[in-house]
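Enquirer: In case you want the letters, here they are:
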Amino acid sequence: MPTAVLDLEFDHLPTAITVPDHYDRALILVRVHGQPVGQALLPVIGGQLGGSELRDRLLEAAGWNLWQRWLHDYLAWEEVPATDSPAPTATIAICTRDRPEDLERCLEAVMHLPDDGQEIMVVDNCPSTDATRHVVKDCACARYVREDRPGLDIARNRALSEAQHEIVAFVDDDAVPDPNWLRAHLRNFDDPTVLCVTGLTMPLELETEAQEWFERFSTFGRGFRRTVFDANTINPLAAGRVGAGANMALRRHVLELVGPFDEALDGGTATRSGGDTEMFSRILAQGYRIVYDPAALNWHRHRRTWEELRRTIYGYGVGVYALWTRRLLFERELTIPKLAWGWFRHTQLPELARALLKRPNYMPLDLLLAELRGCASGPWAYLASRRRQRRRDGHPLEAPL
Amino acid sequence: MTPIASVIIPTHNRCYTLGRTLAALEQQTYPTQQFEVVVVADGCTDGTLDMLGRYQPPFALQALELPGRGPAEARNCGAAQAQGRLLIFLDDDVEATPALIETHVQAHAGAPGRVVIGYLPPVVQEPASIFGLQLRHWWEAMFQRMRQPGHRYGYWDLLGGNLSLAAELFARVGGFDPTLRCHEDYELGIRLIAAGASLTFAADAAGYHHETTGLDRSLRRKYHEGRADVIIGGRHPALCPSMPLAYYDEPWSPTSRRLRALAFAWPIGGDILVAGLRRVLDLLEWMRLHGRWRRLLNVLLDYWYWRGVAEELGKQKTSAATRRLADFLHQSALQHNEEPCEIELDLREGLEVAEQRLDAARPAGAAVRYGQHVVGHIAPKPGAEQLRSTHLRPILATDLAWPLLKALALEAVSGDGPAWGIQRLQ
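Respectively, the protein sequence lines represent chains A and B. Numbering-wise (the working numbering), the first sequence opens with residue 786 and increments by one. Numbering-wise (the working numbering), the second sequence opens with residue 180 and increments by one.
Everything labelled a hint here was simulated from the structure, so no lab data went into it. Accuracy of the hints is not assured; some may be wrong.
Said to hold, decoys possible - Residues on chain B that point at chain A, a partial pick, calculated with CB under 10 Å:
(1) Glu319
(2) Arg326
(3) Ala382
(4) Val553
(5) Leu571
Claimed, not checked - Just a few of them, taken from the derived set where beta-carbon distance is under 8 Å, the chain B residues facing chain A:
(6) Leu468
(7) Leu530
(8) Ala576
(9) Leu583
Said to hold, decoys possible - Simulated coverage check for chain A against chain B, where a stretch passes if three residues somewhere in it have a Cβ under 8 Å from a Cβ of chain B:
(10) 1118-1131
(11) 1163-1174
These numbers were taken from a predicted model, which means no experiment stands behind them. Where is the CB? At the ideal position from N, CA and C, for every residue including glycine.
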C-alpha cells in the first residue's frame, strides 16, 4: 500500500487534492510561510484528499509548532536572530559511489539553490566506472574530486580538506535539498561554539513496502522543533538523536578542533555506518554544540527493495556497536556496556517480544533480527576495519588501552 | 597630544602574561598615538616593574605601583591617572585581537552613557578535562546570551576583563568599590544600571582570555563570591532576590541541604568532608562518569558559596548560625519598599506603538493586554536594566506566547487574529 508524499503550505491549502489511484494514504509535510512545522499521515479515498477535514487534521498533527510559527511571524521575530555579521559561505559536498542517476537528481536540485556564492563539490569515492565523472562534467558549476580509497568517512574527510569555504554542508547523493536548505543551515553558525548543524530529512517517495518500513523503523526525521544540543543536555555517547549524515553541515575547522571522521567507520568499510554519529559524539564530548534545525530540509529516497532495507538495518546495528567499540576500547568509556544493555533491555527486547507475539504495530521480525545480528558483529567489524585501515595507511598497529 | 582612549591593565605577579597582553596592543588597527596604556602593578614581586621599565612600546605607557590592594583599587588608581576620555579596562591575561580598541571606540560614537562589554573567547588550559569543557561552556554561554538582539542586560553581565566606558561616567558613579575582592565588576554594574547607563556587547572587540583557573581555584572563588554577595546585598538590599543567597531553603538535592546546614553549623567538619568529596571528583573523572561528576561539582560549589556567606555573616555580631541569614534577608526586605515603575501596554495599538512607549517610559515592568484581554505581566527584574523596545518581542515570543495567542484568538472573532482554525485554541 504505497503512500503519496505531499508538501503543503498551510496558508494556501488547495480545496481538493487528487493523487494517482494506487495510493491509499498520504504523508503530508505541513509548512507555515515556508517553514516546516509538522507532518500528518492521512487516508486517501478514491485518489481524493481534502475538504474541511484536511485543515483540521493538519492543525491537529502540527499542534503547538504551527501556532508558534504563526506567532513568530506576527511578531516578526526569529528564533535564530539575524545578526550584523555576514553569513559564512559554504561548500556543498556530495559524497557518491556508483549512483549516477541519483547523483544527477541531487545535483539538479543543488544547482537550483539560491546563489550565495557557494561551491559545489562532488567527491567520487572509489568509482568502478566513469559515469559519475560524466554527470559532473555536464554540470558546469560543480567541482569533481576523485578519492580512490573506499569509505564514506574517507570521502567526507577529503571534502573537508578540499573545501574552499568555512562551512561544509553534506548532502547524500540519494537526497534532494529544499530551496531554503543551505540558508537554514548557515543561519545557525552565528554561535562560535556550534561546530555542526543537522537538518530534517523527509522521505522523497514511499512507493514500496521497504520504503515505508524504513520510514517507520529508522526515520531520519528528528522532529519539527529546533534544538541546541551540548554535553550538558544529551549524553554524547547517544548522539544518534541529533541527526544523521544525510543532512549535516560542519565547520571545516572541526578537523583541528576535534579531529577528522574515523576512517575505519561507515559505508564502504566493514562497519557499514556510524561515522556521522561518531563525529557528533566527539563534537559534543569536546564541549561544542550541535544544532538540529528542521528548516534545513531535504528529501531522501529510501532504498526500494526489502533486501536493501534489511542490509541497511543490519548496517546500522554494525555501525552503532562499531562506534561503541571504539569508545570502550580506545577511549576507555566505561559506561558503554550499561548503555548497550539499556538499549537492548528497553528497546530491542520489547520490540522482539512484540514481533513474536504479533502485537499491534509490531515490527517485521527479520528487520529486528538483522539489527541484532549487526550489533553482534559490530565490534569485530570495527577491529577488522581499523586493522585494514592502519595497514593500508602504513601506521603501526596500536593496541587498545 | 592627549590620547582618546586609555587602556587600564591591573596586574599582580604575572609578568609573562602581561608581556603577551602588551604585545597584542602593539598590533592594534587603532592609531597608536591616539591611545595610551596604564599598567597598575599591584603588589608585584616578580620583576614586572623592571620589565615595564625596559619595555619600549609604540604607544604611550604609564606604569603605576600599588602595594597589593586588589584589582578594584588598582583599576581606580589607573583610571585616576588616565588621560583619555574613554577608559578601556583589560585584564592582564587577555590577548587583544587587532580590532579591539577600534571597536570599543566606535561603539561609543554618538552614544553617551554607554558601557561596552567586549567578547572574551576563552582559551582553556586543559581543554580536554571535564572542568576545562565546563569552564569554556560557562563563558561561551554567557556571551551567547548577550549576543541575542533583545537581551535584557543585568549587572551580572558586566565583566571587568574587557570593558569600556567614558571616564566621566566612571567618575560619576564612583568607580569600583575597593573593599570588594570579588564581584567588584558586578557591583559597579549595579550602580551603572541605576545611573541609566546602557550596556551593550561588542563581539568584534574580542580578546582571547587565557584562562588559568583550575578546579580548586574555582572552588575557592565560589567561597569569595558568597562573601561578596553578603556585602553587596547589604549595600543594595533590593537586589537580594537576584542572588543565590536568598534561596537557602531551596537546595536542589538532599546532599546540598545537609552541606549547607554544615557550612553554618560546623564549618570545620564541612571542610574536611568536602575535601574528601573533592578527591571523589578525580575518581569520577577517571571513570568518565561525566553526569555524576557534574552533579558532585555543583554540590561542592554550592557548599563553598554558603561557606562564604556564613563566614561573612559570622562577622556581623547578631544571634547564632542561620538565624543571621534570616535576619539579614528580612532586613533587606524591610529596607526595600519602593514600588518599581510599571506601565500598561495595549498591543492592539500595534507592536511599534508599544515599543515606542517602552522607550519613552523605560519602566521596570509592564502589564500587557490586547484590547480587553489580559496577556500577562512582564515582571520587574531586580538588577536588570529598565525595559526597552528591543526586549518586547522576545518576551512576547517566549514567556507570553501562549496567553498572547489566546488573546489574539479571542480578538479574532472581530477579524484581527490568525485567520484560520481559531476556535481550536480554546
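Enquirer: Give a verdict on every hint.
Expert: Against the structure, the hints:
1. Taking 10 Å as the C-beta contact cut-off toward chain A, the hint placing B:Glu319 at the interface holds, the least distance being around 5 Å.
2. Interface hint at B:Arg326: satisfied, since its Cβ lies 7 Å from the closest Cβ of chain A, which is below the 10 Å cut-off.
3. Interface hint at B:Ala382: satisfied, since its Cβ lies 7 Å from the closest Cβ of chain A, which is below the 10 Å cut-off.
4. With a cut of 10 Å, the hint placing B:Val553 at the interface with chain A is violated, because the nearest CB-to-CB distance is about 17 Å.
5. Here the hint on B:Leu571 is kept, as its CB sits about 9 Å from the closest CB of chain A, short of 10 Å.
6. Among the interface hints, the one on B:Leu468 holds; its C-beta lies about 7 Å from the nearest C-beta in chain A, closer than the 8 Å criterion.
7. Because the beta carbon of B:Leu530 sits about 7 Å from the nearest beta carbon in chain A, less than 8 Å, this interface hint is met.
8. With 8 Å as the threshold, the beta carbon of B:Ala576 comes within range of chain A, its nearest partner Cβ sitting at about 5 Å, so the hint holds.
9. The beta carbon of B:Leu583 is positioned within 8 Å of a beta carbon in chain A (closest approach about 7 Å), and the interface hint is therefore held.
10. A count of 3 residues in the region 1118-1131 of chain A with a Cβ less than 8 Å from any Cβ of chain B is obtained; the coverage claim is therefore met, three being the minimum.
11. For a cut-off of 8 Å, the count of residues in the region 1163-1174 of chain A with a CB near a CB of chain B stands at 0, and the three-residue condition is violated.
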